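Colleague: Protein sequence lines correspond, in order, to chains R and H. Quick note on the working numbering: the first sequence kicks off at 194 and runs consecutively. Quick note on the working numbering: the second sequence kicks off at 22 and runs consecutively.
Because the hints were derived from the structure by calculation, they are not lab data. Remember, predicted model here, so these are calculated numbers, not experimental data. Virtual Cβ for every residue (Gly too), placed ideally from N, Cα, C. Don't take every hint at face value.
[To be verified] Reference excerpt, derived from the structure (chain R facing chain H, CB under 10 Å, subset only):
#: 1; residue: Met194
#: 2; residue: Leu195
#: 3; residue: Asn253
#: 4; residue: His265
#: 5; residue: Arg266
#: 6; residue: Gln280
#: 7; residue: Asn290
#: 8; residue: Val293
#: 9; residue: Leu307
#: 10; residue: Glu317
#: 11; residue: Arg356
#: 12; residue: Ala360
#: 13; residue: Tyr440
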Amino acid sequence: MLLEASGLTKSFGGVTAIADLDFGVPEGLVYAVIGPNGAGKTTLFNIISGIYRPDEGRLNFAGQDLIGRATHRIARLGMSRTFQNLQIFFNMSVLENVMVGCHARARTGLAGALLRLPRMRREEEEIRQWAGEALDFCDLGGLKDRQASELPYGALKRLEIARALAARPRLLLMDEPAAGLNDTETLEMRGLIGRIRDQGITILLVEHNMGLVMRVSDRILVLDYGSRLAEGTPAEVRANPRVVAAYLGGEVHYAVE
Amino acid sequence: MKRLRGWWLLAAVLAALPLIFPGNYYVIVVGASAGLFAILAVGLNLLMGYAGQISLGHAAFFGLGAYASAILTTRLGWHPWLALVAGLVVTGLIAYLIARPVLRLKGHYLAMATLGFGIIVHILLVQTGGLTGGPDGIGGIPPLSLFGWAIDSDERWYGVIVAALLLVVLLALNLVDSRTGRALRALHGSEVAAGLMGIDTAAAKTSVFVLAALTAGLAGSLFAHQQAFVSPDSFNFFVSIELVTMVVLGGMASTYGAILGALILTFLPELLVVFEDYEVLIFGAILMLIMIFLPQGIVGGLKDLWRAARRRPGKGSQDAA
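With the rest of the complex left out, here is chain R (with noise of 0.2 Å):
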C-alpha cells in the first residue's frame, strides 16, 4: 500500500468529521473517496496532505508516518494535491505557477538567487522546461505566458493540476476536478485523470460526479458520517445494498451516460 491509515479519528468541538476509519491506496491506481455532502471527505484529504493534526490513528505514506509532519515536508516525500475551491497564485503568471510545483525539486537557495550564480541560471532553465512539459501534459502550453488571473475557471482547474505535476508526485489528491465543469470539460479532465494514472501516478480522487467516479476509479471508498460505509471496485460498490440505501433519495444516480 502506497498510502494506509488506520484508526484514524478527528472531530471539529464535539462533532466527529472522520471516525475510526481504515483503508488503503494501492500504488498505481485511481482510488475514489466517495459520500455525501459532509461525509468528511475534505477532512480526510486535509489529514493526508498535513493540514489537520488527526486526534488519533496512523497514517503512512511510502512507508513514512505522516503524523505531526508539516505539509511542506509531507510534500516532500511525494504527495501534491489540488483543491476544491482553487487555491492559485493569482499573483503570478501561468508559467511561474508551475514552476513553484518544482520547488521541492530544485534546491538553489537564497545566496545563489541574490547572486546568480551560473548553477543557478542552469537550475533555472531545468525548472522553466519541467514546468512546461507539465503545462502541455494539461493543454495549457499556448497559455503560459498569461497572468494566471487572466484565465478562464475551467483552465484554472487544470492549472492546479499542472502545478501538483510539475512536483513529479508518486500520489497525487484530486479534490473534486470536475467541479464547477461542463460536460465538455468534464470528459476532458476524464481523459487527463487517464492520462496521469498512465504514468504511474497513483490518485487519490473526491469527486461528486458519480459518471466520472464510475469510470476513472479502480477502486472506490465510500463514507457517511466519517466512516467507512462500502470499499470495493465501483461494480462492487454500485451493487452494495448499505451504498443504495444511504443514497436512497435519489441524489446521486450511478447511471452511466
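Position chain H against the provided structure of chain R, taking the given hints into account.
Modeller: For chain H alone, kept in the frame of chain R given last:
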C-alpha cells in the same frame, strides 16, 4: 540582458542627473535623501509587496542600523565600515529573533505586532539616554571614507547612496526572479498551496523579513554617517507609515514602483512648500486620489493599462484557447 534593462536605465539616469544639473539642490541633496528612502522601500517591498506580510514597524530597523553606527563610532571609536557591518549583524539578528513569533500572525494581528515592535524600539532609543543620548540624539558621527577619500560633500554622498541603491535593486531583482522569490510570491498568493508545493513557509517568511531588515539597517548606517547626527524622531511610527505608503503608492510587488513611491514621497513635500499652509492638505489629497484611481499603485496601474492596450488589437485569437 533584457531582464536587467530597467536596471541599466536606472543606473544611467542616476549617473547622468548630477552631470546635467551640477550642484542642483533637488538632485544632489533631496535626490540623495530619496535614494535612502528608495533603499528602504525596495527592501520593505520584498516583505510587503512580494511576500504579502505587512510591517508597520520597519523604521525600527532603519533606526537600529543608524544607532549601531552612531554608537560604535562615537562612543567606542570603531572604524565606520566595521561599525556598519556590526550594525547589519545586530539588525539582522534582532530581525531573526522576532521573525518567527511575529510572522506566525496574519493580517491585522501582524500589523499590530510590528507596530508594537516599532514603538518599543523608538521608546528604547528615547529612554536609554546613557547609550543613545535620549531625545537629543548623538552628534559628531564621523564621515565614511572610501579608498582614502572622505565622503564629506553632498556630491560624494549622492554617489555613495546611488551606488548602494543600485546594488540593493540588483539583488532585489535577482531575488524576485528566482526559486526563492517565487516561493515568496506563492506565499502571498496562497499560503496553504505554497506549503503543499514543498515550501517551508515559516522559513521563507523569516528569511525575507531578515533581508528587509538588513536593507533598512544598511540605509540606517548610511543615513547616520551622511547626517553626522541621529535622533529618535527620524525613526518613529510616522516614518514606518511613510515607508508603507511609498510601497503601496508606487505599486506593491514592483521594485521600480517602490523606488517611484520613495521619489514621490520625498519630492512632493519639497515641491509643495510653495503652498505653505496647504502643503499637508494637498499632499493628502494627492495620495487619496492615487489610491482611489490606481489601487494597484502607480506602476501596477500602468501595467494593467499596458496589458489592456496590447490585448485589444489583433491578439484576440489567443483568448479562444
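Colleague: Determine which of the earlier numbered hints do not hold for this structure and return their numbers in increasing order.
Modeller: 1, 2, 3, 13
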